[in-house]
Amino acid sequence: MPKTNPGRFFEDFRLGDRLVHATPRTVTTGDAALYTALYGTRFAVQSSDAFAKAIGYPRSPVDDLLVFHVVFGKTVPDVSLNAVANLGYAGCRFLAPVYPGDTLSTVSEVIGLKENSNRKTGVVYVRSVGTNQHGDDVLDYVRWVMVRKRDEAAAAPPEHVPALPKALEPDQLGDACPLIEPDEWDTALSGQRHRLSDYVVGESIDHVDGMTVEEAEHMMATRLYQNTAKVHFNQFTEGQGRFGRRLIYGGHVISIARSLSFNGLANAFQIAAINGGRHVAPLFAGNTVFAWSQILAVEELPGRDDVGALRIRTIATKDRPCADYPLKAGDDYDPAVILDLDYWALIPR
Amino acid sequence: MPKTNPGRFFEDFRLGDRLVHATPRTVTTGDAALYTALYGTRFAVQSSDAFAKAIGYPRSPVDDLLVFHVVFGKTVPDVSLNAVANLGYAGCRFLAPVYPGDTLSTVSEVIGLKENSNRKTGVVYVRSVGTNQHGDDVLDYVRWVMVRKRDEAAAAPPEHVPALPKALEPDQLGDACPLIEPDEWDTALSGQRHRLSDYVVGESIDHVDGMTVEEAEHMMATRLYQNTAKVHFNQFTEGQGRFGRRLIYGGHVISIARSLSFNGLANAFQIAAINGGRHVAPLFAGNTVFAWSQILAVEELPGRDDVGALRIRTIATKDRPCADYPLKAGDDYDPAVILDLDYWALIPR
Amino acid sequence: MPKTNPGRFFEDFRLGDRLVHATPRTVTTGDAALYTALYGTRFAVQSSDAFAKAIGYPRSPVDDLLVFHVVFGKTVPDVSLNAVANLGYAGCRFLAPVYPGDTLSTVSEVIGLKENSNRKTGVVYVRSVGTNQHGDDVLDYVRWVMVRKRDEAAAAPPEHVPALPKALEPDQLGDACPLIEPDEWDTALSGQRHRLSDYVVGESIDHVDGMTVEEAEHMMATRLYQNTAKVHFNQFTEGQGRFGRRLIYGGHVISIARSLSFNGLANAFQIAAINGGRHVAPLFAGNTVFAWSQILAVEELPGRDDVGALRIRTIATKDRPCADYPLKAGDDYDPAVILDLDYWALIPR
Numbered sequence: 001m002p003k004t005n006p007g008r009f010f011e012d013f014r015l016g017d018r019l020v021h022a023t024p025r026t027v028t029t030g031d032a033a034l035y036t037a038l039y040g041t042r043f044a045v046q047s048s049d050a051f052a053k054a055i056g057y058p059r060s061p062v063d064d065l066l067v068f069h070v071v072f073g074k075t076v077p078d079v080s081l082n083a084v085a086n087l088g089y090a091g092c093r094f095l096a097p098v099y100p101g102d103t104l105s106t107v108s109e110v111i112g113l114k115e116n117s118n119r120k121t122g123v124v125y126v127r128s129v130g131t132n133q134h135g136d137d138v139l140d141y142v143r144w145v146m147v148r149k150r151d152e153a154a155a156a157p158p159e160h161v162p163a164l165p166k167a168l169e170p171d172q173l174g175d176a177c178p179l180i181e182p183d184e185w186d187t188a189l190s191g192q193r194h195r196l197s198d199y200v201v202g203e204s205i206d207h208v209d210g211m212t213v214e215e216a217e218h219m220m221a222t223r224l225y226q227n228t229a230k231v232h233f234n235q236f237t238e239g240q241g242r243f244g245r246r247l248i249y250g251g252h253v254i255s256i257a258r259s260l261s262f263n264g265l266a267n268a269f270q271i272a273a274i275n276g277g278r279h280v281a282p283l284f285a286g287n288t289v290f291a292w293s294q295i296l297a298v299e300e301l302p303g304r305d306d307v308g309a310l311r312i313r314t315i316a317t318k319d320r321p322c323a324d325y326p327l328k329a330g331d332d333y334d335p336a337v338i339l340d341l342d343y344w345a346l347i348p349r
Numbered sequence: 001m002p003k004t005n006p007g008r009f010f011e012d013f014r015l016g017d018r019l020v021h022a023t024p025r026t027v028t029t030g031d032a033a034l035y036t037a038l039y040g041t042r043f044a045v046q047s048s049d050a051f052a053k054a055i056g057y058p059r060s061p062v063d064d065l066l067v068f069h070v071v072f073g074k075t076v077p078d079v080s081l082n083a084v085a086n087l088g089y090a091g092c093r094f095l096a097p098v099y100p101g102d103t104l105s106t107v108s109e110v111i112g113l114k115e116n117s118n119r120k121t122g123v124v125y126v127r128s129v130g131t132n133q134h135g136d137d138v139l140d141y142v143r144w145v146m147v148r149k150r151d152e153a154a155a156a157p158p159e160h161v162p163a164l165p166k167a168l169e170p171d172q173l174g175d176a177c178p179l180i181e182p183d184e185w186d187t188a189l190s191g192q193r194h195r196l197s198d199y200v201v202g203e204s205i206d207h208v209d210g211m212t213v214e215e216a217e218h219m220m221a222t223r224l225y226q227n228t229a230k231v232h233f234n235q236f237t238e239g240q241g242r243f244g245r246r247l248i249y250g251g252h253v254i255s256i257a258r259s260l261s262f263n264g265l266a267n268a269f270q271i272a273a274i275n276g277g278r279h280v281a282p283l284f285a286g287n288t289v290f291a292w293s294q295i296l297a298v299e300e301l302p303g304r305d306d307v308g309a310l311r312i313r314t315i316a317t318k319d320r321p322c323a324d325y326p327l328k329a330g331d332d333y334d335p336a337v338i339l340d341l342d343y344w345a346l347i348p349r
Numbered sequence: 001m002p003k004t005n006p007g008r009f010f011e012d013f014r015l016g017d018r019l020v021h022a023t024p025r026t027v028t029t030g031d032a033a034l035y036t037a038l039y040g041t042r043f044a045v046q047s048s049d050a051f052a053k054a055i056g057y058p059r060s061p062v063d064d065l066l067v068f069h070v071v072f073g074k075t076v077p078d079v080s081l082n083a084v085a086n087l088g089y090a091g092c093r094f095l096a097p098v099y100p101g102d103t104l105s106t107v108s109e110v111i112g113l114k115e116n117s118n119r120k121t122g123v124v125y126v127r128s129v130g131t132n133q134h135g136d137d138v139l140d141y142v143r144w145v146m147v148r149k150r151d152e153a154a155a156a157p158p159e160h161v162p163a164l165p166k167a168l169e170p171d172q173l174g175d176a177c178p179l180i181e182p183d184e185w186d187t188a189l190s191g192q193r194h195r196l197s198d199y200v201v202g203e204s205i206d207h208v209d210g211m212t213v214e215e216a217e218h219m220m221a222t223r224l225y226q227n228t229a230k231v232h233f234n235q236f237t238e239g240q241g242r243f244g245r246r247l248i249y250g251g252h253v254i255s256i257a258r259s260l261s262f263n264g265l266a267n268a269f270q271i272a273a274i275n276g277g278r279h280v281a282p283l284f285a286g287n288t289v290f291a292w293s294q295i296l297a298v299e300e301l302p303g304r305d306d307v308g309a310l311r312i313r314t315i316a317t318k319d320r321p322c323a324d325y326p327l328k329a330g331d332d333y334d335p336a337v338i339l340d341l342d343y344w345a346l347i348p349r
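Protein chains in written order, with my numbering: chain Y, 1 to 349; chain W, 1 to 349; chain V, 1 to 349.
Chain Y with its partners taken away, still in its complex shape (with noise of 0.2 Å):
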């Protein structure tokens, strides 16, 4: 049996699977500081730890993000090592708020299978869960991609596609936040004055500035998130594949969008729950990111009197700007989009 991993092909896979993986990481204040180097995220929560105090925070959580990218870069080995695409992610829900020193581990369960009808490939779904050092539950989200067969006539598993939720309730949100104190948030130091109320139903932000990306950055983003996607950092290989270039982690695409959506959405401090999303084209370092966001539902949350959640669509493109609201070219997306996602934040009332 070979020492390294090569990876699971499809017919590896079988429903009900779990998978341990590693390598549990414990996030500290030095991988937050990265993360602001890497994105110049200004959100106050995140940044300040009197201003977390403030508001009914023990410090400041790490960036919810952040965490997102952790739990996941675990999955890469046991998931998606022989994947031809990531095709969509569901269902993802923040559940406890991560501190500096807390150690995140995730745990995958496989909950459908689908060959394609080539053969050739197959359709995986799992069930991810990151949990910190305690055992709590920090994040579980469903997603899917497309994983190679190693034998065009090997035996597909039974098909099982599972019941995805198109989007989260209100009352599915708001775990990761604990109880604040909205009088205490300083709009100042916030950097925006607008708290849920001031947001309506179709309104669209152009987030205006752009970000371009280099290759040192996105590989030592990929890198702290220990993800080990082999696209990412292997000019050699990738030279000579489909696209000539490396790929960019689609999660980083994610978080330079957050990033500049500090640009009209500063108080929108937490994200509560990726409703879905899409990386529509790829990313390639010397690209400028622009973004432009969506509100697509103002709510309140059940018992709650101090944060409602925005329902946010937030379209990134490359090399173009967004105060046009750039979305789709007939029937299909704009050339320039890269990104399409939906997400809840959380903002004070």
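Check before you lean on any hint, since a few could be wrong.
Claimed, not checked - The calculated EDC-like cross-link candidates involving lysine to aspartate or glutamate, where the alpha carbons are at most 16 Å apart (straight line), are:
#, chain 1, residue 1, chain 2, residue 2
1, V, Lys-230, W, Asp-319
2, Y, Lys-3, V, Asp-206
3, W, Lys-3, Y, Asp-198
4, V, Lys-3, W, Asp-206
5, W, Lys-3, Y, Glu-203
6, V, Lys-3, W, Glu-203
7, W, Lys-230, Y, Asp-319
8, Y, Lys-3, V, Glu-203
For the record, the hints were derived by calculation from the structure and aren't laboratory data.
Predicted model only: the values in this text are computed from it and were never measured.
With chain Y held as given, fit chains W and V onto it using these hints.
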């Protein structure tokens, strides 16, 4: 009212305006590690808790320029988003040590306004004060920037040009340095044997080494400081602009020059004040920075036996070694010069 | 006497000289986060406080190669500023665990001198010892470098070539590893099921993955270690030199190879000793590094039931996958080989 911040134009400023800036920022050992990785700084007090404790600090303080950049970064969205040029600094004093875990905030006051004769722009003078989570002032400085008018026809505010000091006086220095034990200062560990009295006025020091700058580095640095000035990050837009490329944050140059100056000024361990600074020419990725310094003054500090101060003029160049101390070419600066900085640094007696 | 450090030339060294190096350095979780971002290392003991505690550590130790690089970096200004070539390492032992918050210092002793027959250069052998803030030795190694003479006519010091061990013995290993509970070693979390007895002498392992190196990355790494060797940072000068470009610090290659080796050696969690290493060819930005390893020995440690040691030869290449274990081309190294490293790593029994 738009959700995004368009930045203030010249006619939006009023004398006496008080600007409370977002985002408060807790500075950590993670930031300090990144600062070391970005500049290679080697000053012993900021590198070693053991060294710092031996001379009387509770632990290593945060590098003074990291404090400066963080305090400065906060002012950008409110002061200089529509700036044409950063014209100068004056009267910059470091007032209290900053330790990992401290949270920095910045408030600015508009202390001067002067419309330019072309009526398209005006000069805004702001005094910015950085404070920690206890409300103690840690940094105080004035800068002035040329800001565009939104509307050329707009009435100009009454002209007021503040009186600014050419330099701080020795009795204004040292508040950010606790009393230290100069006998415990180990010159083998600090990297150089020269103390205050070993320097003479007029002495020039070539710092010898050169450091090439990469796009990923200056962008990571500038984002670490949460400085959002657009010209540093957006190749798509800057590629169509005046220089055809991203402009590097001037503070990045100051930090590189300061780090290079360790070779010759290893015991000048803390910047006590910046008398003034001029970014003579822009720096771009791919350029190599060199630096040399001249000692302008060697001063004891009233009431202190432990440390004195060197007034230092540091000149940084690009793609030009400094063995012959380049400065002027006729009445102008040598075309290789990019920075002319005048500051006070503390050094053990 | 000049204020700047010109570095020692060959004739400046005397047998028995004791060199106390600047700058002591407190290693933090910030440094550990950067180390992860730069190399993507995934060893569980160094990644997770929870994993480390479960087996008996008080918390995650600092990666042994990060310790090596920091201890090594300090020696550069005093030993190798005028070096022509770094010729070799021997007898490198890790002697005590290093935890975040520990401060590292280095002292070297000149243990050998040998002028070359051309009288232009000589070989200097130094034994360097890294210590922590308690005065405990944490690392001990010998390296030898070829150093230029300032003056060819200068008298050579008496020749003395020290006896150096070809390899450390098993009874010299393990001091940096506390007694652990091998039963608590969770092979699902560590990423591989193979323990000491699963490896056999002569076995070769292709580590499969490749990692492309960027200028920003190797410079950030080398500055993080406060290594000031000029060839790594200065494109202006190096552009006119032998290679036309910046040379990457050899230790950066070692760390990349070690990180790649996780795929096949995931439980070989700690480098106990480096028997020797040769930087066979230079690495430049843009190259992609691959690696493979051969098991040279599988040893129990006298008096320890918890861990044993693998003696590993790791070969790194550039732009050349290692599925066929490239090593020699005739009597010479394969032209793709850049590193030939011989070390001992601890692994649970």
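Hints versus structure:
| no. | hint | result |
| --- | --- | --- |
| 1 | Lys-230(V) - Asp-319(W) | 15 Å, holds |
| 2 | Lys-3(Y) - Asp-206(V) | 9 Å, holds |
| 3 | Lys-3(W) - Asp-198(Y) | 9 Å, holds |
| 4 | Lys-3(V) - Asp-206(W) | 9 Å, holds |
| 5 | Lys-3(W) - Glu-203(Y) | 10 Å, holds |
| 6 | Lys-3(V) - Glu-203(W) | 10 Å, holds |
| 7 | Lys-230(W) - Asp-319(Y) | 15 Å, holds |
| 8 | Lys-3(Y) - Glu-203(V) | 10 Å, holds |
Every hint, counting from the list given before, is met by this structure.
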